[in-house]
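*Asks:* Given only the sequences and the hints, what does the whole structure look like? Please build it.
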Amino acid sequence: MRIVNGIAQNYFYFASMVIFLIGFHTMLTHSNLIKKILGMNIMETAVFLFVVSIGYVRGRAAPVVGGEAQQFVNPLPSALILTGLVVGVSLTAFALALIIKVYQYYGTVDADEIMQIRSEER
Amino acid sequence: MTHVPVFVIISCLGLAFALPVLCRFRPRPAGWLVRALLMLNTALVARVLLFVNHQGTFYYHLGSWPPPWGIELSIDYLGLFTALVVHGVSLAVVFYAQTDLAGEVDPRMHHWYYTLFLLLLASMTGICFSGDFFNIFVFVEIATIGACGIIALKRHPDCVEASLKYLILSTLGSGLILLSLAILYMVTGHLNLRYIAQHMPTAWAAYPLNVNISLALLVVGFGVKAALFPLHIWLPDAHSSAPAPSSAILSGVLVKIYAVALIRLIHTVYGHKLHQMIPVTQVLLLLATLAIFAGSLFAIGQRDIKRMLAYSTVAQMGYIFLGVALLTENAVVGGVTHIFNHALMKSMLFMAAGAVVYQKGFRRISDFHGLGREMPITMAVFGIGALSMVGIPGFNGFISKVYLAIGALDAGRPVYVAVILISSLLNAAYYLPIVTRAFFNQETGPATFRVDRLPLSMKATLVILGGLCIYFGLVPGSLLRLVQKAVQSLLAT
Amino acid sequence: MDDVVLQTVTLMLLPFIQTYGIYIMVNGHLTPGGGFAGGAVLGISLILYALTFHVDEAAKVYPRRKAEALESLGALVFIFIGLLGVLGGAAFLTNNTSFLSGQAGTLLGGGFILPVTVAVGLKVASTVVTLFFHLLEEEKR
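Protein chains in written order, with the numbering used here: chain C, 708 to 829; chain P, 2 to 494; chain F, 174 to 314.
Calculated from the structure, these hints are not laboratory results.
Take these hints with a grain of salt, some might be off.
[What the hints assert, rightly or not] Below are the BS3-like pairs computed for lysine-lysine, each with C-alpha atoms no more than 30 Å apart in a straight line:
#, chain 1, residue 1, chain 2, residue 2
1, P, K486, P, K274
2, F, K233, C, K742
3, P, K166, C, K808
4, C, K808, F, K233
5, C, K742, C, K808
6, P, K166, C, K742
[As the list claims (entries may be wrong)] Over the 10 Å line for every Cβ pair with chain F, so calculated as not near, a few chain C residues:
#, residue
7, N712
8, M724
9, H732
10, L756
Cβ atoms here follow ideal geometry from the backbone N, Cα and C, with glycine treated the same way.
*Replies:* Right, here's the structure in full:
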């Protein structure tokens, strides 16, 4: 019962863990490189969700000078995640560019097939 | 003078952004600009070291926001030591790259190569100096992009594939680091390393599970990036397929920067009381021992010179983690000194291997018959590096191994002395045959010459690095004093 | 690709998207958002244009060379503004409210924050566009 209660109260942490595992699983088990990158993105999103939910308090406003709200959420995790998002975007773009190159060299984006082609070359 | 560390980082970033515009039509001056900036920055870092030696360590608050709000750069001995190693090796690499790049990277892409190189350099310096966990994470990510970029810039299927593999595993590592950071922030409420350390005892008392998880994630996250043994699978591909200057900087410096970051975080943030309660150092010791043996055994089986050097890096990272995890002062001195020694040796060996590829065009070790007669300087330098790797007295590799052994005895674990001795024999088993084959074998290898003579810039870089290897093997006093100061401040906190 | 409905709707939407992007960018110190969010919206408006019309058409409006130059320029302006803090005798990136010293809480009251967010926004917008162009070109080759 205690565990169920804990999960119910912290459902966002639990959700981010589940999403993280989904992403991790996708990244490790799929041989399609694009799907690997998708898994990577899902995993990152889970981490971002986790960080943002640390600072979130229900019903409070963003801390802006001159606003009317009296109670604020912690803005720092959101600011951190903005940076994380930027990094995630650039990593994804870079990975996609590399996949395009791989496709040009091997004619496939499947990791297993690439392994096969490489072993035949040797 | 206090602005200098931030200037070193910012000037690298600034030139990195300016190069694509400046050198759009004439890529040639890019290399000279980078070399000039690096010489200036190396001198500046050395000057800051003198300043700190005189005035003591200091903190720099970006944007004048004092901690815990703002980002803090902490300029201490460990950071300065690693920054000096980073800049010294990079300086050698850019002088070497002047001619080597022409053979491996499309000339129109040279200024992009330097842009990525500068980004990598700026982020490595940033990791050395930063006193803020999130800032370290950001620099780690920039370093990842820079590192993957300078591998993939060579137009070869192997490079692109290795780079992609490295990128995916690295991203996994940084995801874990970010998660660890988030959990730490959750229980301590701070991102500044000193403030996290202050709040660690109360956090540990209230939420031991969170602290444990964050430490585990941190070790695995940085372990992937620092190629700690079972997580090293990306390293041989990435480091062996990359252009020679990239291999030198990645294998020589980059993996160690992550090790330094991990050491700093484990020692300053988690502190010694936690080490007695969480067996993290035991795990590190086990993995380091495995790394030393497995890396060497894999290296013995390699036929490609650069792949062999890459596996050797896995083994050598084991020494660094071994020293740091033994926790006695001498052992940590040995580990940290090995960061410098290995950076010097491994970048030199990769450059020597690159010079062979540049002049002769082959990479198979079996082709090295009689190469010592055709390329005496390169192979002599390679020989110095090989002897130093094995740990022959008089070369710099010996110094760090002696300190590691003494530290293992101090810690009351003589079994690790045996580990170091046996692994030295294993090192000899794969390094020395190359040297004997090159110098004492009467046969001659394939007589293919891509170019008649090695350019002066390559030869000079190799000779200077070889000279430094011998110099620090014979007179290690100044180096050891600096490392001891760094280690004492690390262990005191 | 020559869909009249799509093109007309895009042309109608573009000014609003871009105004919104610029609003988010400029009000970075007053409301949630800022350089990255605003710049991304701006960049995406240009990608939308390139998708509904043709890439070559978009390249005429927003030449790639200029996008790359703007990208570098945004970062350099950021560093320059950071160095102004050092010139003012304080640390790198220190804000100086005597520049744009309006009342706190108004558009011109944030010191260096406004120019910094604009620089970041322009860099992000051009980066997003350059990434798009680069990925497309790699495909063609």
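*Asks:* Now tell me if each hint is right for this structure.
*Replies:* These are the hints, each one checked on the structure:
Of the pairs offered as hints, the one joining K486 (chain P) and K274 (chain P) holds, with about 22 Å between alpha carbons and a cut-off of 30 Å not exceeded. Taking the CA atoms of K233 (chain F) and K742 (chain C), the gap is about 34 Å. The hint is violated against a cut of 30 Å. For the suggested pair K166 (chain P) and K808 (chain C), the alpha carbons sit about 13 Å apart, so the restraint of at most 30 Å is met. A hinted pair counts as satisfied when its Cα atoms are at most 30 Å apart, and K808 (chain C) with K233 (chain F) qualifies at roughly 27 Å.
Proximity of K742 (chain C) to K808 (chain C) is assessed by CA-CA distance (about 16 Å); at most 30 Å being required, the pair is judged to hold. At roughly 14 Å between alpha-carbon atoms, K166 (chain P) and K742 (chain C) fall within 30 Å of each other, so this suggested pair holds. Listed as outside the interface, N712 (chain C) is consistent with that label: its C-beta sits roughly 33 Å from the nearest C-beta of chain F, beyond the 10 Å cut-off. Every beta carbon of chain F lies more than 10 Å from that of M724 (chain C), the smallest distance being close to 27 Å; the non-interface claim holds.
Residue-level check passed: H732 (chain C) sits 27 Å from the nearest beta carbon of chain F, beyond 10 Å. Non-interface status of L756 (chain C) relative to chain F is upheld: no Cβ of that chain comes within 10 Å, the nearest being about 17 Å off.
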